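Novice: Each chain is listed here by its residues.
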Amino acid sequence: MTDAVLLIENLRKSFGGLVVTDGVTLEIGPGELHAVIGPNGAGKTTLIHQISGTLTPDDGRILLNGTDIMPLPPHERAKLGLARSFQITSVLPRFSALENVALAVQARGGSSYKFFGRAASEAALNDEAMAALAEVSLDHRAGVIAAHLSHGEKRALELAIALALQPKLLLLDEPMAGTGPEESERIVTVLQRLKGRFAMLLVEHDMNAVFALADRISVLTYGRVLASGEPHQVRNDRAVTEAYLGEELE
Amino acid sequence: MSTLTASKPLRAGPRIDLAVIAMFGVLALVPFAAAFGAETYLLGLVTRVMVFAIAALAVDFLCGFGGLVTFGHAAFVGIGAYTVAIAGAHGVTDMAITLPLALIVSGLFAYLTGTICLRTKSVYFIMITLAFGQMAYFIAGSLAPYGGDDGITLPARSTLFGLQVFGSDRALYYAVLGSLIASYGLCRAVVYSRFGRVFRGARENPTRMATIGFDVFRYQRVGYVIAGCLGGLSGFLLANATEFVSPAYMSWQRSGELIIMVLFGGLGTLHGAIVGAAAYLLLEEWLAGFTENWKLIFGPLLVIVVLYARGGLVGLAASIKARLTRD
Numbered sequence: 001m002t003d004a005v006l007l008i009e010n011l012r013k014s015f016g017g018l019v020v021t022d023g024v025t026l027e028i029g030p031g032e033l034h035a036v037i038g039p040n041g042a043g044k045t046t047l048i049h050q051i052s053g054t055l056t057p058d059d060g061r062i063l064l065n066g067t068d069i070m071p072l073p074p075h076e077r078a079k080l081g082l083a084r085s086f087q088i089t090s091v092l093p094r095f096s097a098l099e100n101v102a103l104a105v106q107a108r109g110g111s112s113y114k115f116f117g118r119a120a121s122e123a124a125l126n127d128e129a130m131a132a133l134a135e136v137s138l139d140h141r142a143g144v145i146a147a148h149l150s151h152g153e154k155r156a157l158e159l160a161i162a163l164a165l166q167p168k169l170l171l172l173d174e175p176m177a178g179t180g181p182e183e184s185e186r187i188v189t190v191l192q193r194l195k196g197r198f199a200m201l202l203v204e205h206d207m208n209a210v211f212a213l214a215d216r217i218s219v220l221t222y223g224r225v226l227a228s229g230e231p232h233q234v235r236n237d238r239a240v241t242e243a244y245l246g247e248e249l250e
Numbered sequence: 251m252s253t254l255t256a257s258k259p260l261r262a263g264p265r266i267d268l269a270v271i272a273m274f275g276v277l278a279l280v281p282f283a284a285a286f287g288a289e290t291y292l293l294g295l296v297t298r299v300m301v302f303a304i305a306a307l308a309v310d311f312l313c314g315f316g317g318l319v320t321f322g323h324a325a326f327v328g329i330g331a332y333t334v335a336i337a338g339a340h341g342v343t344d345m346a347i348t349l350p351l352a353l354i355v356s357g358l359f360a361y362l363t364g365t366i367c368l369r370t371k372s373v374y375f376i377m378i379t380l381a382f383g384q385m386a387y388f389i390a391g392s393l394a395p396y397g398g399d400d401g402i403t404l405p406a407r408s409t410l411f412g413l414q415v416f417g418s419d420r421a422l423y424y425a426v427l428g429s430l431i432a433s434y435g436l437c438r439a440v441v442y443s444r445f446g447r448v449f450r451g452a453r454e455n456p457t458r459m460a461t462i463g464f465d466v467f468r469y470q471r472v473g474y475v476i477a478g479c480l481g482g483l484s485g486f487l488l489a490n491a492t493e494f495v496s497p498a499y500m501s502w503q504r505s506g507e508l509i510i511m512v513l514f515g516g517l518g519t520l521h522g523a524i525v526g527a528a529a530y531l532l533l534e535e536w537l538a539g540f541t542e543n544w545k546l547i548f549g550p551l552l553v554i555v556v557l558y559a560r561g562g563l564v565g566l567a568a569s570i571k572a573r574l575t576r577d
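Those sequence lines, one after another, are chains A and B.
Numbering-wise, the first sequence is residues 1 to 250 according to this note's numbering.
Numbering-wise, the second sequence is residues 251 to 577 according to this note's numbering.
Simulated from the structure, these hints should not be mistaken for lab results.
Since the structure is predicted, the reported quantities are computational estimates derived from the model, not experimental observations.
Even glycine gets a Cβ: it sits at the ideal position worked out from N, Cα and C.
A few of these clues could be false.
Only pairs whose alpha carbons sit at most 30 Å apart, straight line, appear in this in silico BS3-like list of lysine-lysine [stated by the list, open to error]:
#1 Lys-79(A) <-> Lys-114(A)
#2 Lys-545(B) <-> Lys-114(A)
#3 Lys-79(A) <-> Lys-371(B)
Away from chain B, derived, C-beta distances all over 12 Å, residues of chain A [what the hints assert, rightly or not]:
#4 Ala-4
#5 Glu-32
#6 Ser-90
#7 Leu-194
#8 Ala-227
#9 Asn-236
Each pair of labels, with its calculated beta carbon distance range [stated by the list, open to error]:
#10 His-151(A) <-> Ile-354(B): 45 to 51 Å
#11 Thr-457(B) <-> Arg-224(A): 50 to 56 Å
#12 Leu-268(B) <-> Arg-197(A): 45 to 51 Å
#13 Tyr-291(B) <-> Gly-110(A): 28 to 34 Å
#14 Pro-39(A) <-> Thr-457(B): 23 to 29 Å
#15 Ser-121(A) <-> Thr-457(B): 23 to 29 Å
Extracted from the complex, chain A is given alone in its bound form:
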């Protein structure tokens, strides 16, 4: 056995005749940031859905810290330390930023079958939530209703929610999608700060961000891992350059 945080073995998934995950094998060690890149439709998001449990693979194994999580529903995977952000921002729109994060703290610690006492006034929950918001530089916006945050702030809020869960593995599905250059840079800075604290799987189209952050990179095309290795290896891999990177890195 390895001490991998995430171990994916020979994962397969197809929708009818369309193979979206074709024997993917992947390993992420403790504190490692592993980026998965590939053209649109390569099966990156589908892979994340299968790890987080919103899609069921046809075959293969997914181990989180040595535990087979394939039979578990998403909420139980979350309890084992799996957090994720979504490609399309997913927060609780009518809750304040603080309450979005406090709910994540609440999910991790203590019972939620308490029917009395104002949850929003629980200092223990709020303090931890504020700390998570501060890490993504969103503490000054704590009281703002999530729906009123800018797109970049919502992305940061998603990160704060993930942080508050104190995950063992964080799945990031295009955290920079739809953000402007300034906000992208801000998210890269945040991720750089978080790097090493827990393992991360990053799916991202922004190649500058990927090469700045990743310890290892896997290239996915047509649901298959085309190449996997350290950034400089992947950058120089001819098959990769031909299939995908060519025009972007010239």
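Chain A is fixed; fit chain B onto it per the hints.
Specialist: What follows is chain B alone, placed relative to chain A:
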């Protein structure tokens, strides 16, 4: 620093506002006013309003906070009422037994049907709650030993350890008012509790809730049971108020009326459910005095409120107040 900023948005959290206290105050004074006029009539009418307000609270709790639009909540009212009637038919009239029994039976019905209903969403949820409501309705209608379609008259109002606590209409009135205040307080506490936050979060974004580790289904089922028990309480009081129980209490029209009350008063406010129940039943009483076809007047009125006063009567009052204080 961080605790300072953390506490800031929370202070502005919802407090029990004066209007709600005034509303309960007025309800508490009704019996004194009634003493000068048609006492039996007025007490009976307002008792009825409060009984349905409890059921409307349950519906608001589910629809307005949980996003679970239930179209079968009259079933729980009926189950609570029938528990009293059936126990009474077997000689058990003490509420030390019948009240817990009514709550348990309606809660159990909520648990079992909720296990199935909550697997579905949106329109399917509405339809399946309607289906269970109709099932309960037809089962009640087929209870031949207990009156079948005609319903059954209670041998007497419930006693408490042998005492005639519901002996006078006024005593019953205050018991119902007490139940209403308790139900309102309970709903309020639950909505803002840890549980309530999960329950509300599940309406906002169930996928997000699951990915942070909440088993949304279980929390919703607990919420459904709470609402079911409140429906049962309403039924228990209804049976005592009317001293008669019939399957009509469970008809889908009744369930629809509960939704109308909540929309009319203001969805997701709790006290709006009470205002809505009062407005609906009092308008019904008043308009029916003019014409048999009072729904012809009430229908357009409801449309106007829903279209032009988002947030119902409570929302309308709030916006008028805002406009007045602005000048």
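Novice: Decide if the proposed pair is consistent with the structure: Lys-79(A) and Lys-371(B), CA atoms, cutoff 30 Å inclusive.
Specialist: 25 Å, holds
Novice: Falls inside 23 to 29 Å, the C-beta gap from Pro-39(A) to Thr-457(B)?
Specialist: 26 Å, holds
Novice: Quick check for students: does the CB of Ala-4(A) sit more than 12 Å from each CB in chain B?
Specialist: 22 Å, holds
Novice: Is it the case that Leu-194(A) keeps its Cβ farther than 12 Å from each residue Cβ in chain B?
Specialist: 17 Å, holds
Novice: So is Asn-236(A) really clear of chain B, every C-beta pair being over 12 Å apart?
Specialist: 36 Å, holds
Novice: For the pair supplied as a hint, Lys-545(B) and Lys-114(A), is the alpha-carbon distance within the 30 Å limit?
Specialist: 43 Å, violated
Novice: Given the hinted pair Lys-79(A) and Lys-114(A), is their alpha-carbon gap at most 30 Å?
Specialist: 19 Å, holds
Novice: Taking the closest pair, is the beta carbon of Ser-90(A) still more than 12 Å from chain B?
Specialist: 5 Å, violated
Novice: Does the beta carbon distance between Leu-268(B) and Arg-197(A) stay inside 45 to 51 Å, or does it fall outside?
Specialist: 49 Å, holds
Novice: Please settle this one: Glu-32(A) was flagged as non-interface, so is its CB more than 12 Å from every CB on chain B?
Specialist: 22 Å, holds
Novice: Check the following: the C-beta atoms of Tyr-291(B) and Gly-110(A) are separated by a distance inside 28 to 34 Å.
Specialist: Roughly 52 Å apart at Cβ, these two residues miss the hinted range, so it is violated.
Novice: Looking at Ala-227(A) again, its CB stays over 12 Å from all of chain B?
Specialist: 30 Å, holds
In summary, the structure is inconsistent with hints 2, 6, 11 and 13 from the numbered list given earlier, while agreeing with the others.
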